[in-house]
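Produce the complete structure using the sequences and hints provided.
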Amino acid sequence: MTSSPLWQHSATELSALIQSGEVSAAEAVASAVERMHAVNPALNAVVTDLSASALERAKALDATKGPKGPLHGVPITIKINIDQQGEASSNGVVAFKDLIAPGDAPLVKNLLGAGAVVIGRTNVPEFSRRCETDNPLFGKTWNPWGKHVSAGGSSGGAGSAVAAGIGALAHGNDIGGSLRFPAAGNGVVTVKPGVGRVAVYNPSQTAERGILAQQMSAQGLLARSARDLHLSMPAMVAPDARDPFHVPLPWRGPTLDGPVKVGFSLEAPDLPLHPEVEKALLDARAALTDAGYVVEEVTPPSLREIAFEGRSALMTESYHLMADDIAKYGSPAIAGVFEQNYRRTPTVGMTEMLAMLARRTFYARQWSVLMEKYPLFLSPFFPQPFYAPGRDAEGPEGLRETIGQAFWSTLGNYLGLPAGNVPARLGEFPDGPKPVGVQILGRRWREDLVVDAMIAIEDRLGTLSKQLWARMG
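According to my numbering, the sequence shown is numbered sequentially starting from 4.
Keep in mind the hints are simulated off the structure, nothing from the lab.
Fair warning: there could be bad hints in the mix.
Taking lysine-lysine and the DSS-like style, the derived pairs with C-alpha atoms no more than 25 Å apart in a straight line are [what the hints assert, rightly or not]:
1) 100 <-> 71
2) 331 <-> 100
3) 282 <-> 100
4) 150 <-> 376
Have a look at the derived ranges for each label pair, beta carbon to beta carbon [said to hold, decoys possible]:
5) 276 <-> 52: 35 to 43 Å
6) 297 <-> 103: 51 to 59 Å
7) 52 <-> 299: 46 to 54 Å
8) 242 <-> 332: 46 to 54 Å
9) 260 <-> 346: 46 to 54 Å
10) 116 <-> 432: 38 to 46 Å
11) 27 <-> 308: 41 to 49 Å
Bear in mind that the values here come from a model prediction, so they are computed numbers and not experimental data.
A virtual CB, placed ideally from N, CA and C, is assigned to each residue, including glycine.
Spelled out as structure tokens, the structure:
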């Protein structure tokens, strides 16, 4: 039996302990539940406590003959904007608090099929449309590093929970950075899969999402260790007929010949590159070089154009398909942020919208050709340190310092490329310590290469978990 508390173990470590018989699923889940009850009141990361049913499921798993799957007995959380049978898919909206899911979304079904145990459901902003996790139904989620830094959004509850030790894995999703914002702010790791990699469907839905929302959004996991993504993501990419555009490819692709080449850029449009972010990038580059990667500085094609047009196209679609619901069901806070977003990135007419969508293929082709030579691309995630809580609601400058920083983030969504975020440094700032993450874009369908590179960085630079838990006490 390990001497450290089980909640401190990564999913990979827990899985090995459970499958070897050293630890029971019930013990692993009980430890995560105890941690949740100890720290969640201060964080408000988990807003639906499923500990009773989780402990029952863990005991049932212990009674089965042989492991159910690679995540047998591993405690996880699910974001409240995804259907889990019998639970409310409120999406942080008061009017939707009783929208009970009639069945499991594909990713929930697949994670449960792999043996995972859901201990709770995590918080989101209203409609999952802010980069700050706060809503009138459940309130604000706080970052375990302190109240000087936002937990991010829209998967802020997931990021805060997994960083604090509430479950070994946390489900989240990402349409413009909603996995990677919380990874960066909370000092954890994630990979946003490329378009079509994870089957998506909510049995509670009454209409289909807009085509850009379908093309730009992705479902994924946040973890404290990059290796946990190799353990867990194969279950996430399993097929489901309810998503007719799912791409049924295995998680692992073919081995590449020779050392993997990595494109590298310090480019930071609009805002200057902060010295702490530059240090994190140089440390990550050195770590990859030490691991045998060949890292070469490259000018990123059409970065500004992709980011601007990606935001503009998505804002235009959102305005036409979501504005009425936000006006009818949303709070003044979300309505105000939406209005500021539209002022910053105005909607466009039909002719320009169609022209932008046509140019999207041109931009995707540019990057596909580039990634024939450089299967990975290391860049800033944000050029500046992670923002303070509520900053996105503080007018044009607040938006500039939050979603306005996300040039590199938007690129991954608009082009449908896999994109990972891994902490490379704990930066010291006047208001307190903040994790500093870097982004790694990957060749289409090669999330596994992104995770391999994040493991190489992690192996040399370490993780931030022990430092965080020591601060939390």
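Hints, verified against the model:
Distance restraint check for residue 100 and residue 71: the Cα-Cα separation of roughly 33 Å exceeds the 25 Å cut-off, and the hinted pair is therefore not satisfied. At most 25 Å may separate the alpha-carbon atoms for a hinted pair to count; residue 331 and residue 100 meet this at roughly 15 Å. A C-alpha spacing of about 44 Å is found between residue 282 and residue 100, which places the hinted pair above 25 Å, so the restraint is violated. Our distance criterion of 25 Å between C-alpha atoms is broken by residue 150 and residue 376, whose separation comes to about 43 Å.
Checked against the given bound of 35 to 43 Å, the beta carbons of residue 276 and residue 52, roughly 42 Å apart, stay inside it. Taking the beta carbon of each, residue 297 and residue 103 are about 52 Å apart, inside 51 to 59 Å as hinted. Checked against the hint of 46 to 54 Å, the pair residue 52 and residue 299 passes, with Cβ atoms roughly 49 Å apart. Taken as a hint, the range 46 to 54 Å is violated for the pair residue 242 and residue 332, whose Cβ atoms sit roughly 34 Å apart.
The hinted window of 46 to 54 Å between residue 260 and residue 346 holds, with their beta carbons roughly 50 Å apart. Here the CB-CB span from residue 116 to residue 432 is close to 43 Å, well matched to the stated 38 to 46 Å. About 54 Å separates the C-beta atoms of residue 27 and residue 308, a value inconsistent with the hinted range of 41 to 49 Å.
Hints 1, 3, 4, 8, 11 from the list above are not met by this structure, while the remaining hints are.
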